[in-house]
Amino acid sequence: SQQGEEDPQALSIQEGENATMNCSYKTSINNLQWYRQNSGRGLVHLILIRSNEREKHSGRLRVTLDTSKKSSSLLITASRAADTASYFCAPSYTGRRALTFGSGTRLQVQP
Amino acid sequence: DGGITQSPKYLFRKEGQNVTLSCEQNLNHDAMYWYRQDPGQGLRLIYYSQIVNDFQKGDIAEGYSVSREKKESFPLTVTSAQKNPTAFYLCASSIGSGGSSGNTIYFGEGSWLTVV
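Chains as they are written, first to last, in the working numbering: chain A, 1 to 111; chain B, 1001 to 1116.
It is worth saying that the hints were derived from the structure and are not from the lab.
Glycine included, every Cβ here is placed at the ideal spot set by N, Cα and C.
No false leads were mixed into what you were given.
Derived Cβ-Cβ restraints for the label pairs, each shown as a range:
| id | chain 1 | residue 1 | chain 2 | residue 2 | range |
| --- | --- | --- | --- | --- | --- |
| 1 | B | 1069 | A | 41 | 26 to 32 Å |
| 2 | A | 108 | B | 1053 | 41 to 47 Å |
| 3 | A | 15 | B | 1038 | 29 to 35 Å |
| 4 | B | 1016 | A | 28 | 44 to 50 Å |
| 5 | B | 1104 | A | 8 | 23 to 29 Å |
| 6 | A | 40 | B | 1028 | 25 to 31 Å |
| 7 | B | 1016 | A | 56 | 45 to 51 Å |
From the derived model, a few chain A residues whose C-beta atoms are all more than 10 Å from chain B:
| id | residue |
| --- | --- |
| 8 | 8 |
| 9 | 13 |
| 10 | 111 |
Excised from the complex, chain B in its bound form (with noise of 0.2 Å):
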């Protein structure tokens, strides 16, 4: 099936840990995107990539990174700089850019990260 898949599901980090999210797609998709949601709340921007080997900071950055190596991954790592990282972090994607054009974003499932 085609799709994007994130992984892990649930995961905990101690504080000073970084940890990696990892998202893979299979829609020969152009762009990827990462976004944050506390709960309760919306949508915020963190990184986005339009192609590989480039990608740009959304609007919450600081504390992440992000690569884009291949064309259907784009892992998220949540550094130890990130003071508050608990939330719900969704990856996506689309054909092409999804900001201008109206390209329909595809979202992966989720992954909840609580800091213990």
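Looking at chain A on its own, in the form it has when it is part of the complex (with noise of 0.2 Å):
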């Protein structure tokens, strides 16, 4: 399969406190991608990390690639109650024409 593989599956925390959350892949990648989507809501594009790029931040959103370990995470600060989502990840393959999502992160942040 080349879609990511989301760690933890689901993860609950308190306001205010930190979120991470990772996610695997199998071959090598162009680029990565997160997404996040609120409950019956479509997926909504949050930050790109290419590959030769070790960090990324936009916000409270910080993303991490590391291409050694073929592995990323995404780490949301100060979380509020309006982070509660599922994230997914998703790698870009050369040749791939379509991108493919895994099962997600199931983030509930407790007000």
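Put the complex together from the two separate chains, hints included.
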């Protein structure tokens, strides 16, 4: 399978805490994207990190990429109840014409 | 507003019926996609299209059909051959290939299909 695998499957934290979720993939990638899905809605793009980048920031989001370990992590700092959603990673591979998605991490932020 | 419109939001299908889910985009994107999502699960790729009049099977195309006669439209038909069609269906688009280049995928709000 060429989709990423997110870990953990579910995560419950208190508002104000940081949330970390991980993504592993199997072969060399061109880049990797993270998406968010609120319950019953479509996915929304969060951030893209290229294979030659190690870290990227966007607001309260921090993404890291370790190509030697074929893994990425998404950190949400100072989480809010509104961050409650499922988060998916999507690696991009040469020759692949469509993204595929794993099962995601379901994040619950308790107010 | 620019975006992707899926309709209907909720659809009920009787056994043996074909149903068609509509997907329209006004983003001028070349590529369009259909994904299926079962409750609590990830997304599985059904079909995708890189250009008008061309489309490719994804990972779970059996029991589904599509057409791409216009750039802005990519309807999905769930045929009676699809034995377990109850799911959440998501249509998406991107300006170019979403597979290798990292183009952002834009999603519609989804359609819920239930077999009754």
